[in-house]
Structures are given as structure tokens and as C-alpha cells.
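**Student:** So the protein sequences, as listed, match chains U and R.
Reminder that position 532 of the first sequence reads as 531 in numbering that gives the first Met the number 0, one-by-one numbering, no gaps.
Reminder that position 75 of the second sequence reads as 74 in numbering that gives the first Met the number 0, one-by-one numbering, no gaps.
None of these hints come from the bench; they were simulated from the model.
No residue lacks a Cβ here, since even glycine has one placed at the ideal position from N, Cα and C.
Don't take each hint at face value.
[Said to hold, decoys possible] Stretch by stretch, here's where chain R covers chain U in the computed footprint (C-beta under 8 Å, at least three residues): (1) 49–61; (2) 269–275.
[Claimed, not checked] A short list of chain R residues far from chain U (calculated; beta carbon distances all over 10 Å): (3) Lys33; (4) Thr67; (5) Thr78; (6) Gly82; (7) Glu108; (8) Glu124; (9) Asn194; (10) Asp310; (11) Arg333; (12) Asp398.
[To be verified] Here are the simulated lysine-lysine pairs, DSS-like style, with alpha carbons at most 27 Å apart: (13) U:Lys448 <-> U:Lys571; (14) R:Lys178 <-> U:Lys64; (15) U:Lys539 <-> U:Lys568; (16) U:Lys423 <-> R:Lys338; (17) U:Lys24 <-> U:Lys125; (18) U:Lys6 <-> U:Lys64; (19) U:Lys550 <-> R:Lys362; (20) R:Lys453 <-> R:Lys402; (21) U:Lys571 <-> R:Lys445; (22) U:Lys467 <-> R:Lys445; (23) U:Lys423 <-> R:Lys445; (24) U:Lys97 <-> U:Lys127; (25) U:Lys203 <-> U:Lys374; (26) U:Lys550 <-> U:Lys568; (27) U:Lys517 <-> R:Lys445; (28) R:Lys53 <-> U:Lys6; (29) R:Lys3 <-> U:Lys60; (30) U:Lys467 <-> U:Lys528; (31) U:Lys423 <-> R:Lys360; (32) R:Lys178 <-> R:Lys198; (33) R:Lys445 <-> U:Lys568; (34) R:Lys402 <-> U:Lys476; (35) R:Lys24 <-> U:Lys60; (36) R:Lys454 <-> U:Lys423; (37) U:Lys125 <-> U:Lys476; (38) R:Lys294 <-> R:Lys360; (39) R:Lys3 <-> U:Lys423; (40) R:Lys80 <-> U:Lys423.
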Amino acid sequence: MSEIVGKIVRISGPVIEADNMRGSKMYDVVRVGDENLIGEIIRLNEDIATVQVYEDTNGLKPGEKVISTLEPLSVELGPGLITNIYDGIQRPLPAINKQTGDFIARGVEAHALDRKKKWHFKPTAKPKDKVQGCDAIGEVQESTIILHKIIVPPDIQGTLLSIEKEGDYTVEDDIAVVATDKGDVKLRMLQRWPVRKARPVAEKYDPSLALITGQRVIDTFFPIAKGGTAAIPGGFGTGKTVILHQLAKWSDAQIIVYVGCGERGNEMTDVLREFPELEDPITHEPLMNRTVLIANTSNMPVAARDASVYTGITIAEYYRDMGYDVALMADSTSRWAEAMREISGRLEEMPGEEGYPAYLASRLAEFYERAGRVKLLGSKNKEGSVSVMGAVSPPGGDFSEPVSQNTLRIVKVFWALDADLADKRHFPSINWLKSYSLYLEEVSDWWEKTVGKDWLKLRNRAMALLQKESELQEIVKLVGPDALPPRERGLLESARMIRENYLQQSAFHEVDTYCPGKKQYEMLRLMLKFSDKIQEAVEKNVHIDDIISIKSRETLARTGTVPNEEFEKRFKSLEQEMENEFNSLIKERVK
Amino acid sequence: MKRKDIEYTTVSEVAGPLMIVEGVKDVAYNEVVKIRTSYGEERTGQVLEAFENKAVVQVFEGTRGLDTKNTSARFIGETMKLGVSKDMVGRVFDGTGNPLDNAPPIIPEERRDVNGDPINPCAREYPREFIQTGISTIDGLNTLVRGQKLPIFSGSGLPHNELAAQIARQAKVLGKEEKFAVVFCAMGITSEEANLFIKDFENTGALERTVMFLNLADDPTIERIILPRMALTCAEYLAFDLNMHVLVILTDMTNYAESLREIAAAREEVPGRRGYPGYMYTDLAMNYERAGRIKGKKGSITQIPMLTMPDDDITHPIPDLTGYITEGQIVLERGLHKKSIYPPIAVLPCLSRLMDRGIGKDKTREDHAGVSNQLYAAYAEGCDLRDLVAIVGEDALSDRDRKFLQFADEFEKRFVSQGNHEDRSIEQTLTIAWELLSGLPVSELKKIDETYIKKYLPPVKEEK
Ligand SMILES: Nc1ncnc2c1ncn2[C@@H]1O[C@H](COP(=O)(O)OP(=O)(O)OP(=O)(O)O)[C@@H](O)[C@H]1O
Ligand SMILES: [Mg+2]
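Work out the full structure, taking the sequences as your base and the hints as a guide.
**Tutor:** Now the structure itself:
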């Protein structure tokens with residue numbers, strides 16, 4: 000194949016035009032200028048290719064060369080991804096740090112996967128085995144918790160001719176040969192996949208298992224399923240990043256891919272600092288050992304923001320193809336959309352709503368469509384899942400804008416963040432009246448089987464109570480709380496208990512940060528029992544002021560911070576105390 | 000003849016802040032252009048768009064007096080650079096980096112691209128050293144830490160300059176002797192406003208630790224685009240090469256954003272929200288993200304950008320995009336100002352995202368987080384009740400509610416309000432907080448750990 004070498008004829012920010020590029024294909028990667036900056040072809044018009052450049056274009060000149068690699072933008076897949084942190088086009092930031100120091104310089108080259116490191120490979124297949132895409136032929140202990148399955152690339156099928164024996168190999172060493180229709184293919188632990196193309200699956204299932212996140216308002220009220228999709232829109236400072244960090248820390252997925260897309264540098268540093276020290280509640284291993292980070296911060300080149308979400312989702316799919324449950328967090332998808340807008344503007348495309356390109360909706364849909372619980376390719380009928388949670392940053396906190404609206408049309412869970420709640424330091428500031436989850440029915444099965452038979456009933460009662468509260472609040476606004484009958488005032492007190500002490504959950508409290516399913520259920524049960532007792536007491540003419548001064552009310556309010564090892568015992572005595580206190584209130588009254 | 004000596008007299012178009020030069024060769028994107036008007040005045044510009052034989056140039060000092068006949072342009076072969084040196088400290092520069100004081104030009108140790116490079120997230124050190132500003136609403140509720148970017152959202156006529164000067168005057172890290180060096184970057188503010196800072200720096204002796212970059216209200220507007228980049232390039236040099244702790248004050252970012260809009264309009268770009276360019280988020284981030292700490296480096300950059308919210312509207316793109324980038328915000332409110340409360344900080348919409356890691360035992364005090372959360376919750380409830388009372392009257396409230404109402408008033412009077420020269424220690428701030436909280440029923444203090452309540456809550460006052 001003859002090389003295609005063009006030359007730059009125009010530079011406008013991150014977009015350049017190059018002449019003499021005939022023969023290149025859309026989305027081919029090109030090397031731009033004397034510094035070999037990385038770019039991608041995003042438009043072709045006769046000899047002219049328009050290229051978005053993934054690095055800073057300062058100082059670039061018309062006339063400098065542009066070389067097409069004739070390959071689409073791809074990621075490297077294999078052992079070594081876990082615990083690593085990459086930029087938007089999968090350059091490893093720790094390696095770049097070593098090469099160019101504290102600041103990221105241009106034109107640096109670094110392999111995503113270390114070429115020298117040896118991994119201990121154990122074959123799990125033998126010659127003559129029939130293999131197809133996603134069949135595992137071996138495994139590598141990638142981190143203390145992740146067993147990396149070495150899988151056959153999706154597009155390969157045939158008979159295993161040979162496979163290396165157990166031993167230490169680099170990702171580039173040949174480890175097996177497969178005889179296929181098109182001849183013999185050598186396999187290495189390293190494989191590549193174009194980021195803009197979803198990795199194929201055998202079949203898509205409906206998500207049905209709950210992804211347990213340890214966050215009460217999410218798990219109990221607006222749950223997400225494994226393989227599901229969720230959006231978190233909210234104005235600045237309403238808590239999107241904290242929630243995504245919480246989900247990355249505590250959700251019971253096996254692999255986490257966290258994509259920082261156009262957000263703050265310090266937030267990535269925070270993850271890098273904290274995750275190695277936090278312990279996974281299930282495996283008791285450092286959380287970092289199941290995490291891959293993609294960081295394309297707001298001050299890094301804008302075009303690479305677009306690449307970062309695709310890089311992230313492709314890595315997620317790869318681990319899914321090993322049979323894992325993967326969860327991907329993208330913070331923030333709005334910055335990605337803005338990158339599309341900026342590039343589209345430079346291309347002078349016809350702008351759609353608020354200047355976003357007309358293809359905004361379809362790009363978002365394609366991205367979220369790569370989530371799902373699936374039957375994998377391969378002969379073993381295995382399952383895997385990718386759950387996707389995306390933050391949305393609407394201008395002015397107004398959800399009527401195009402990115403929020405187009406996202407809500409696709410995702411199944413909507414966690415609506417509320418600036419008023421955040422201002423009052425009600426966190427997570429998920430508005431319980433506006434949010435929804437379409438997975439409620441599906442996941443209640445798990446809760447009822449493993450946690451409590453009446454889980455859904457309790458959940459729905461609590462929700463109804465909160466609804467009722469908001470109606471009563473409207474009346475209170477007109478007549479004041481004193482004018483309400485005791486029964487209604489009792490309801491307000493019950494709802495306040497749930498609102499302030501169940502929905503609110505501090506991400507920074509060492510215990511409250513993660514609330515196990517069983518504890519969530521018990522807390523809710525006790526709070527609803529409290530509500531019942533109040534009604535019983537007011538019925539017997541106990542004064543509401545006497546009720547709110549009982550000791551167990553305060554204890555109940557602090558249940559979130561009761562250590563997870565002790566809660567069953569302590570909740571029992573709390574329940575007893577509560578019953579006693581109410582009984583004596585009623586007794587006194589009747590006397 | 001060297002390429003950088005060629006003088007092109009082929010200006011084909013002048014429009015707004017832009018100028019188009021034809022027939023050029025080898026011009027680089029973002030290259031600096033030296034322009035000479037027909038009457039010999041020199042100006043500086045920068046290439047915004049480079050073609051094979053044409054360049055679109057933005058002119059920093061404005062295009063007035065440029066023509067398409069005699070104006071000449073020379074492309075100097077490099078992008079915008081600032082000569083940096085330790086001798087910059089104590090000096091004043093204009094929008095193009097030339098000295099404004101009457102002292103001789105500095106001899107640069109190094110010349111640096113003003114756009115800087117992004118800090119590698121792996122190289123960052125997470126900021127967590129508490130800076131005591133002596134202002135209760137900041138120290139107690141929205142703690143500032145070294146390396147943070149914490150803007151002040153203000154409105155025209157509100158005392159944000161006084162507040163910023165007070166912060167610069169009082170800021171210290173407990174137990175450390177080093178003082179902050181200040182990089183002061185003025186974009187389009189009046190000379191009166193600039194003088195307020197200069198006098199204050201003079202009085203406190205801070206002037207000799209200060210570098211000033213000034214572009215005042217009557218200076219060319221397009222220069223404002225380059226000014227914070229120069230100030231931050233200087234700050235990076237002081238912090239990461241000379242190990243200083245630098246406090247950068249950028250004022251007023253609203254004027255900066257207006258200049259961005261002016262360029263975008265001249266280029267007839269598809270506008271984003273309210274006419275501001277779609278890339279404003281990225282552009283602002285390129286400046287704001289140049290704050291922080293770096294592993295293994297002693298120095299730090301703490302940024303306090305200030306902006307005036309047009310129409311006091313926090314959803315306006317300038318505060319909105321800023322809030323999406325910075326690590327919190329301090330919001331001033333006209334209502335409090337009218338009640339003569341200084342500083343008029345509207346506590347509820349304020350935030351410091353780096354607070355949680357900068358406070359607590361051994362940093363400020365063990366009870367700090369709980370107290371802060373409790374003050375927030377109680378004040379928010381008090382404010383809600385104020386709205387309610389306005390409709391139904393105070394009589395309709397329960398005893399409990401009345402206490403919260405009273406709390407909110409006291410909170411504004413005693414906690415928020417303080418003197419312009421009052422420098423409260425964190426202990427003092429927390430003491431006031433506990434006194435205020437003692438007016439609420441103990442059973443309502445659910446955000447604070449019980450052991451701290453026992454330890455710090457002053458004995459209940461007897462009701463008269
Ligand atoms: N669950 C929580 N518990 C305690 N504090 C919280 C919680 N969620 C959010 N906060 C507080 O709110 C602040 C802002 O949250 P966060 O940074 O997640 O906002 P954001 O929505 O991501 O904002 P932006 O869009 O600007 O990035 C945090 O720094 C923290 O102080
Ligand atoms: Mg965020």
C-alpha cells in the first residue's frame with residue numbers, strides 16, 4: 000500500500016485541513032506536522048481531508064506534512080489496563096509523566112500497554128480445541144482481584160493449532176496460533192479494537208439484576224440494573240462528581256472504568272490518591288485493583304474529549320467480553336457534546352439546537368446503546384454486562400437544554416440533581432419527586448429474595464409518604480404548620496425523618512459513605528415503623544411536641560452512622576426503645 | 000532575508016479586532032505578529048487562523064488607525080512568550096508584559112509560552128492545607144486550601160474588591176511562616192479599583208511580594224485575553240521554579256469574557272449561549288486549571304478569580320461556566336449588602352469543594368465538619384421559615400420553628416458579619432458557631448457527633 004502524504008493548508012484551533020489526501024478513509028488516524036501530532040479524519044472532500052487534532056496545534060504551520068496511517072483510531076487491549084490512567088487517546092499518563100515531567104508536552108509517544116513487562120500466562124485451552132471470538136484460551140492474574148482472561152478477538156474463529164505453556168510473556172509475544180478459513184493467525188495477549196465500533200455480542204438481554212451501590216436513595220428509590228443506563232444532570236456543585244465517585248467506589252461491579260471528560264485535574268488526582276487506599280467491601284482489596292481511569296481534563300485538547308468516551312467504553316466492552324460486570328462512569332457527557340459542537344462549528348456545519356450539531360442525538364444514543372447485559376460471543380454461552388452512568392452539566396442548571404433532553408430520551412434511570420437541595424447541603428441532592436428508574440420491577444426480585452420479602456412494599460410506602468409531604472407543604476405555605484390537624488403533622492414528622500436521615504447520606508463519613516443492602520432495608524423498616532407509631536399515638540391524643548422529643552427519634556436519626564458490623568444488634572435495641580417510649584406516651588395520655 | 004524580517008504590507012481587510020493579511024508564507028497558528036501603523040506606531044497581534052497564503056490576526060491593542068494600504072505586519076516566528084525572572088516580584092507590567100513602573104526592563108531567565116501546558120493529573124498533589132483567611136464564612140463554612148481555585152461571584156457595586164484585599168492581607172497557613180506572594184491581574188477594572196489594591200498592598204508591605212499585570216478600563220480590550228495567561232505563566236514560574244506560595248487574584252473575569260465574545264462576533268462564529276463563544280468553557284478552563292500543587296514541589300498556586308454577575312444572575316454563562324470549572328465559589332448578595340452586612344456573603348449558594356480534605360483534627364479542629372454542616376442545615380431551615388412567616392405570620396410557628404428563625408437572624412449578625420480588618424482565628428469562628436447553635440434544641444444537632452456536642456456545646460442559657 001502506498002503511503003498517503005498530504006500537506007496542511009489551513010489551521011483553525013484543533014481543526015486543520017490537509018491537501019493531497021485522496022485515498023484516506025473517514026476516521027483514519029493521521030500524523031500531523033513535524034511533531035507528529037495525532038489526529039483523526041473527520042471529513043473528506045476530494046483531495047482535502049479535514050482533521051481533528053488530539054494535541055495542541057500552537058505553532059503548527061501550513062505546508063507541514065500530514066501522513067495517513069490508514070487505520071482507524073484504536074485502543075490497545077490486554078493485561079496492564081487495570082490501575083492505569085490514560086489520556087483521551089489512551090496514552091498512559093504515568094509514563095508521560097516520566098518522559099516529559101509535570102506538564103504534558105506535545106508529540107509524546109507511549110504505548111498504552113507496557114511492552115517490557117512480563118505477565119504470568121496460564122493456558123486454559125489446548126491444541127485442536129475449536130475456538131471462536133471471546134473464547135478464553137488462557138488467563139493472567141492482572142491485579143490481586145482481576146483474573147484477566149486472554150480471549151480470542153471477536154473476528155477470529157477456527158482451530159487452535161498451538162498454544163504456549165504456562166510461563167512469563169510480554170503482551171507482544173505470540174502465545175497461540177489459530178487455523179482459520181483465511182489462514183493461520185498468531186495471537187498475542189495484546190489486541191486492538193477501533194474505538195468507534197461496538198464490540199459485537201451474541202445477544203442482548205434485558206437487565207434484571209440490581210447494581211448495588213450502597214447509596215440509599217439510589218438503591219432503594221431509583222435503582223440501576225447491571226447493564227443499565229443512568230443520567231445525572233445537575234448544575235455546578237450539585238454533586239454529580241461525588242455521586243459518580245461513590246458509584247465507582249462502592250457499586251458491586253467487578254470492573255470500573257472511570258472517564259473524566261473535560262473536568263477538573265484535581266478530581267482525577269483525588270481518585271488516584273484515594274482508590275488505592277480504600278477497600279472494596281466485597282473483596283477487601285484496594286479499589287484501585289479493579290479500576291481503569293481515563294482522564295482528559297478541561298485544559299487538555301478538546302478533540303480528545305470526544306475520543307475519551309469511546310476509549311472508555313471500548314475498554315469496558317473488552318472486560319465484559321471476559322464475562323465481567325463492568326460499570327462505566329462518564330463525567331461529564333456535556334463536555335463531550337460541547338467538544339462535538341466546537342469541532343462542528345469549525346467545520347462550519349449547519350448548527351442544530353443551541354449550536355450543537357444535528358447528529359448530537361444519534362451520537363449519544365450510539366454511546367449509551369453500547370451498555371447492556373449480554374450473551375457473549377463464544378461457545379460457552381457466557382454473560383457479561385456494561386452499565387453506563389453519565390453526568391450531564393446543563394447550562395444554568397436548566398434541564399430543558401439539548402444534551403439533557405437527548406440523554407433522557409435514551410437512558411432508563413434519571414437522577415435529577417437539585418440546586419436547592421445542594422444549597423441546603425441535602426446530599427446526595429437527588430430530587431425524589433423528579434427522579435425515576437425504569438428498573439424498579441426488575442431489581443425488586445433480588446431485594447425480596449435476599450433482603451426482605453416486603454422490600455418493594457416498604458419502598459413504595461416511603462415514596463408515597465414523601466409525595467404526601469410535598470402536598471402538605473403546599474398547604475403549610477398558606478396556613479402555617481400549626482393549622483394542620485395532628486395526623487398531618489405526624490405525617491410531616493415521619494417524612495422529615497426519611498428525608499433528612501434516609502435520603503441524605505454523607506459521602507465523607509467513614510461509615511455512612513456505604514450502606515449495605517440489609518442495613519438500608521432495616522433503616523427503612525424502622526423509619527416506617529416510627530411513622531406508624533406516630534399515627535397510633537396521635538390517634539390516642541398524644542401531643543405531637545411530646546412525640547418529637549422522645550429519645551429514640553434522635554437515635555433513629557443517627558442510624559446511618561451505626562457501624563455496619565453492629566447495626567443488627569443496635570437496631571434491635573432501638574426498636575425496643577422506640578416501642579417502650581411510644582407505649583408510655585400513650586399510657587400517660589390515656590391516664 | 001530571514002522570514003521573520005519580512006514586512007508584509009498586504010493587509011486586505013480590517014474588521015473589529017481582526018485583520019487579514021494576504022500573500023503570507025509559513026505563518027504558524029497562534030504566531031505573534033508585530034504590526035506597524037501608517038504613522039509608525041507598533042502593535043502586537045496573534046494568528047487566529049493560518050492558511051497557506053493568508054492569516055487572520057487578532058490585534059491586541061485594537062485596530063483603530065489600521066488601514067489596508069500602509070499598515071505592515073511582521074510575523075516573528077514564535078508564539079506568545081513571556082520572559083520570566085525572580086526580579087518580576089515587586090514590579091508592575093502592562094497588557095503586553097512591558098514594565099509600567101519606571102524601573103528598567105527585567106532580564107529574563109527564561110522565555111515561556113504564555114499558554115502553558117496542562118499539568119499531568121498524575122503529577123498533581125491534592126490540595127489540603129488549610130488557609131486561614133480570618134473570615135468566618137470562608138474559614139468555617141467554605142474553607143480555602145493551598146492550591147485551590149475559588150472565585151468570588153459578585154455584582155456591580157458590591158464590595159468584592161475589599162473582600163479580596165482582605166483575603167490577600169490576612170491569608171496564612173497556620174504554623175508556617177512563609178507569606179504568600181501575590182500575582183495581581185487586573186482586566187478592565189478602573190484605576191480607582193486598582194488603587195484600592197495597590198494601597199492595601201503598600202500598607203501591609205505586601206507590595207514587595209506582588210507582581211502586577213494591569214489592563215485598566217481605558218486600555219485595549221483584546222489585550223485582556225492574553226493578560227491572565229501572562230499572569231499565570233509568571234505565577235507558575237514563581238510557584239514551581241522558585242518554590243513560592245502564590246495567590247493569584249484575577250479581576251474582573253467578566254471583562255475577560257466580554258473580550259472573548261468580541262473576537263467571536265468579529266469572526267462571525269456560531270455563538271453559544273447569549274452570544275458567548277461555544278468554546279468559552281474550554282478557554283476559561285485553560286486559565287483556571289493553572290492552579291494547584293505539584294508532587295515534590297514546594298510552591299503552590301491558589302487562584303481567586305473575581306467576576307461580576309451581569310444582572311446579579313448566577314445562571315449567566317460567565318458565572319455558570321466558571322462554577323463548572325472552579326473548586327467552589329463565594330457568592331456575594333445585594334440583599335445582605337443592603338442590610339449593611341459585611342462581607343455580604345450569601346452562605347447557601349457558596350461552596351468549597353476541597354474543604355472536606357482540608358479540615359478536621361490536626362488541620363482545623365475535629366468538630367469543624369459537623370459544625371459546618373449543622374450551621375448550613377439550620378440556616379437553610381431558618382431561611383425557609385422566613386419565607387413562611389412572611390405569609391402566615393410568626394404566630395403560626397411552633398416553638399421549635401421560632402428558634403430556627405431566630406437562629407438565622409443571629410447567624411447573619413454575628414457569624415457572617417465582621418469587620419473589614421477583623422481577622423478571626425478558626426477557633427474564634429468555631430466558638431461563635433457553637434454559641435449560635437446553643438440557641439437550638441440539642442436534639443436538633445443531628446449533624447454533629449454526640450461526643451463533640453458534649454465537648455464543645457456551651458451550657459444552655461437560662462430563658463428569661
Ligand atoms: N453525598 C455527598 N455527601 C457530602 N457532600 C457532598 C455529597 N455530594 C456532594 N457533596 C458536596 O458538594 C460538592 C460539590 O459536588 P460535586 O463536585 O460532585 O459537584 P458537581 O455536580 O460534580 O459539580 P460540577 O458540575 O461543577 O463538576 C462536593 O465538593 C461536596 O462538598
Ligand atoms: Mg463535577
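**Student:** Which constraints among the numbered hints does this structure fail? Numbers only, ascending.
**Tutor:** Those not satisfied are hints 5, 8, 12, 14, 15, 17, 19, 24, 37, 39 and 40.
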